[in-house]
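Enquirer: Residue numbers (our numbering), protein chains in the order written: chain A, 1 to 526; chain B, 1001 to 1669.
It should be emphasised that the hints constitute simulated quantities derived from the structure, not laboratory data. Hints are supplied without guarantee of correctness; some may be wrong.
Computed footprint of chain A on chain B, listed as stretches where at least three residues anywhere in the stretch have a Cβ under 8 Å from a Cβ of chain A [unchecked claim]:
1) 1065-1075
2) 1638-1651
Label-pair distances were calculated between CB atoms; the ranges are [stated by the list, open to error]:
3) A:Ser297 - B:Leu1656: 24 to 34 Å
4) B:Gly1023 - A:Met150: 39 to 49 Å
5) B:Gly1023 - A:Asp355: 26 to 36 Å
6) A:Asp361 - B:Phe1610: 38 to 48 Å
7) A:Met22 - B:Arg1648: 31 to 41 Å
Note that CB positions come from ideal geometry on N, CA and C, so glycine has one too.
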Amino acid sequence: MKGPSIDWAGLSPVLAVMGGAMIVLLTGLLRSRFVRESLVPLLAIATLATFAGLSIWQWDEGKDIVSAALRVDTFAMYLNCLFAVAGIAAVLLSWRALAPRESAHGEYYSLLLFSIGGMAVLVAAQNTVTLFLGFELLSIPLYVLCATEMRRASSLESGLKYLVIGSVGSATLVYGLALLYGATGSTDFSEMAGILAARGDLARDSLLLGGVALVVVGLAFKASVAPFHQWTPDVYEGAPTPITSFMAVATKAAAFGVLLRMMDVALLPVAEDWGVVLAALAVVSIVVGNVGALGQSSLKRLLAWSSVAQAGYLLAGVVVATRLGVQATVFYLAVYMLMTLAAFAVVVARERETDLGDHVDSVNGLGWTRPWLAWPLTIAMLSLAGLPATGGFIGKISLLEATVDGGWTWLGIAIVLGSAASLAYYLRVIAAMWMRPAPAARAVPALAGGSQELDPPEAPREGGATEGAFAAEHDGHADGDGDRRGHWEVTLVAVVAAIATLAAGIYPDPLFDVARDASESFRALL
Amino acid sequence: MTSVKTFAWLTLLLPLAGCLINGLGFRLLRGRMPGYVGTAVLLGSFVCAVLMLFALQDLPEERRQVEAVAWEYMTLKGSVDAKLMLLVDPLSVFMTVTITGVSTLIHLYSISYLSGDRGYARYFSYLNFFVFSMLLLILAGSFMILIVGWAFVGAASYLLISYWYRRETATAAGMKAFVINVLGDVGLVLGTFFIFRGTGTLDFLESFERVGDVSSGDLTAGCILLLIGAFAKSAQIPLHTWLPDAMEGPTPVSALIHAATMVTAGVYLIARMWPLFEQAPNAAAVGAIVGCLTLFVSATIGLVVTDLKRIIAYSTMSQIGYMVMAVSSGAYVAGIFHFYTHAFFKALLFMAAGSVIAAMAGVQNIDRMRGFRTAMPFTFGCFVVGGLSLAGVPPFAGFFSKDEVLAYVADRGDWHIALVVVGYVTAFITAVYTFRMIFRVFFGEPSPEARELEDGHLHHADVPTNPVSGEAEDTDVGFPGPEHHIAERALPMRIAMGLLALGAIVAGWIQIPNVTEALDHFLEPTFAESRFHEELHPSDALTFGGMALGAVLSIAGIAVAYLIWMKRPAIATTLRERFRPLHTLFANKWYADEALDRLFVRPGAWFGRFAQHTFERVVVDGLFVGGPVGLVRAGSAAVRSRQSGFLRAYAALMVLGLAGVVLWFLLRA
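Whenever a hint applies, use it, and build me the whole structure from the sequences.
Expert: Structure, rendered in structure tokens:
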């Protein structure tokens, strides 16, 4: 008996990440502490590196695999690389975190990898069935991951909320997909587009339009577009911070990936119908996200609201339905990932170093005490707000170019006004870092692992403030060292992401080229 | 071609590297290491600049305008073409070589001069950053890079002028310089916009080609705005008041900012933009007249000021006035030539003044300085060489360049003759005030400090005081810190001053009329198509007559100075009494600060108060801000109040949103 021919090369990225997830899961069963705490994350990183490498190998293939259920093209491979980077960052941030210890390392990292596998399937999906398969494969591990700090009620709450609201979103999506099938009689994206283009009367068909509406809502939920965003701040705040950072960047990239594919391939012929809706949602997101972030004192909630606003900006690139729009969206996804990772890495670091959790006060005076954390967060905030010489600036400019070029100038104006307003809360964080005094050194709890005799006493500062200023300028060693539970891998993520954000703002050419390549996967677009 | 580009980038990036090494590695660099690092990178930059010059000379003459594009920063469909691009042509290369050369010597001088200062590494980091910014400005190949470099120079000058940040007068001076410079930045940016509107490109060479597309109104407006930028950077009336105050910075900073770099940026800008200014003769005339006004006014102030560094500062303004007048009148090569010789003798004068001020333990008032000739023979020698060059005595460098400027401007004829007359009068005044400094500081009965130095001991004040306000100050602020350095005792300072003194003597010999015209030929490719470059050729009679007149005037000036301050000291008092109103006018700097205060600052402040109390509270706060802020607050409250934490509420809103979207779609069906 002869089976169908299988394109192993095309499948290899997905296979690698799934296989790696299995290996990680099984390795995690070993009892050695070294294996659990070091080998498992290392294996996860190796898996993700392989995943990225194979995606780069398949970069220019542009072929359909698995009976055209999946499409291996530059666009999907580009997003795969983003997922891999986000995944590696998440692994590094989780390395010494509480969550994997509480939930067992093997399970934690393999769930992360399964989720990435789901994303890879999702953005390569070419028909509604694989789309939904990827969607669920991405979501379910994340529901669990949100709840991995099992002894913290808010983590459990976050997982549960995500599960319930996520189910509503999934239900909406799957219903919408069913209606689309009902209207067009096809599950394949390009066939659907062909049918829609051929039969003009379908554009006024309530079955089809209802389906489009439900699909838009289902995907908007995943991308945390207002008014389907309400889960975002709660889930972001409750979930373990490394997972939050992963959700913020990778899930968003996956959601926009599938949104682009759905809208700009399958539903392109009815672009006139959904364009206005998405534009309206984009404006609502920009307003709601920026307004909601204003009064936040929790950094994670602040970043959650800001991610709602950023989703609004990104949506503008989908609305225009041009290659320029796709290029701007995927470019912005990459810089959004970098700047958000830098910000979350600093939050992770400060959660471990202070008792203040993710409160804005936890970064007070960071500029003086921890410049290696303060600069990345500063760069991330400026980039999120879109200041020149950062990746966020270039990203916003290209989104603006796309909107103006596509005839949606008013949407561009909304983006500009939104970014201007967003400075109000981004600058607050920067001001806290550079303009407020650092909190007094934390009193060492007598019974929490340290002892008064062994801990070095706080060196008495002679001569008051002027001496202090002198010491800060000339002899920072006193402040720089000492055990503050600063973990190098967290700082590494922050610094690398911040440098990359700056690089994308100063030398955007390479990333532009890659984004242009990715946008050329959409052959039907102008 | 490629080697030109490589050297251009190296020249530019080496100072930046030095800035980063010193700025980030200050904890690792001990002792004088930051100074050595800072100087070494600058020396490397200078070598690269010279190699760039040679590489450029190897190219055929018509290809000596090389554009080095690193990458395209942003190209938006049909509008902006922002490229990270340098333009290497004879003009920029010549400026680069001069700037890096003189800056290297200033760095070298600073190694010793600042070595007692606590912010040593910070100082060199700023200094490197300043040179980087200046090179960015000079080598810029498009308006975008020019604007960036322009703004960086302003920021760097702020950092350097307020380097002793605990000295209040210094921080105030830094702010003043920065504010006036930002005014210039605004002019530059708006001017760029006017030109960009017509040409549609930011690229220099393309803009120059398409200058015909700009309407004449736009072009004149654009050029005048560019001039505002140039005036602010080059301290021309009425935007000059920051420069004398900027003397609050360490003396080598004054040498750097006010000799070869920042203040010449305006001259460079006008020379670089010649294709624009030649099409906008009215704007060029404004430049020429303002330059002429500045050169005269600041020379008269230089006659009466008693602060040693400020005399030199006013003389800088005056010399920059010559350059601005030259380049605005089409005498481009002459203007650049004067920039080049000025870089040498002015840096030298500042350095020598720094040495004297160190010997005085920070005192800058020439009333208290006397008879340093025997105590500081080397400094004296350098000061005299610089002074002779500044006064324009043959065959020192300043003589050739100043007379070339005046001869070329005179060749324009017409009303330019009036400018030239003022120029010659000022040349005479220049000689007088220069030798006023020399005679008063170095001759006569030695002052106590000079006597102490003759006995082999460097004077240290009991209580260090701020030279301007006279308040006692903390030596941690820096100079006058615990250590002082004079050229006689510090080798790096001596090398730097010696080399500059050599330059101040011979630098002018590259361009002697009818003998060598090296600079003219070298700059030919940049100005080849210029109308004035073709037309302006002063006759031999004009040239040599002018030179003779210049020489006579300078020697007469020295003689007058000798008469007043050496021979019969009483004359000075008599003159002061006789011309009391004039003296008051000069001593109060023509009331420029007061005029600016009355004309702009006070009305501005009054308007500001009115705006704040009346307009702002009622209209802005109430209507514009209050409304949106209230709206945003209400929105924020509303959005957050929806964020109840209850799942059922979230699901309800989702369903509501869903219903809205579905309804919209179904209504279209």
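Enquirer: Hints first: check each against the structure and report whether it holds.
Expert: Evaluation of the provided hints:
1. Figure legend: the region 1065-1075 of chain B, annotated as covered by chain A; annotation consistent (4 residues with Cβ-Cβ distances under 8 Å, at least 3 required).
2. By the rule of at least three residues with a Cβ nearer than 8 Å to a Cβ of chain A, the coverage given for the region 1638-1651 of chain B holds, with 9 such residues.
3. For the hinted restraint 24 to 34 Å between Ser297 of chain A and Leu1656 of chain B, the CB-CB distance of approximately 28 Å keeps it satisfied.
4. The supplied range of 39 to 49 Å is met by Gly1023 of chain B and Met150 of chain A, whose beta-carbon atoms lie about 47 Å from each other.
5. The hinted range of 26 to 36 Å is satisfied by Gly1023 of chain B and Asp355 of chain A, whose Cβ atoms lie roughly 33 Å apart.
6. Checked against the hint of 38 to 48 Å, the C-beta distance between Asp361 of chain A and Phe1610 of chain B comes to roughly 39 Å, which is consistent with it.
7. Distance hint check: the CB atoms of Met22 of chain A and Arg1648 of chain B are about 39 Å apart, consistent with the given range 31 to 41 Å.
Checked against the numbered hints listed earlier, the structure breaks none of them; every hint is satisfied.
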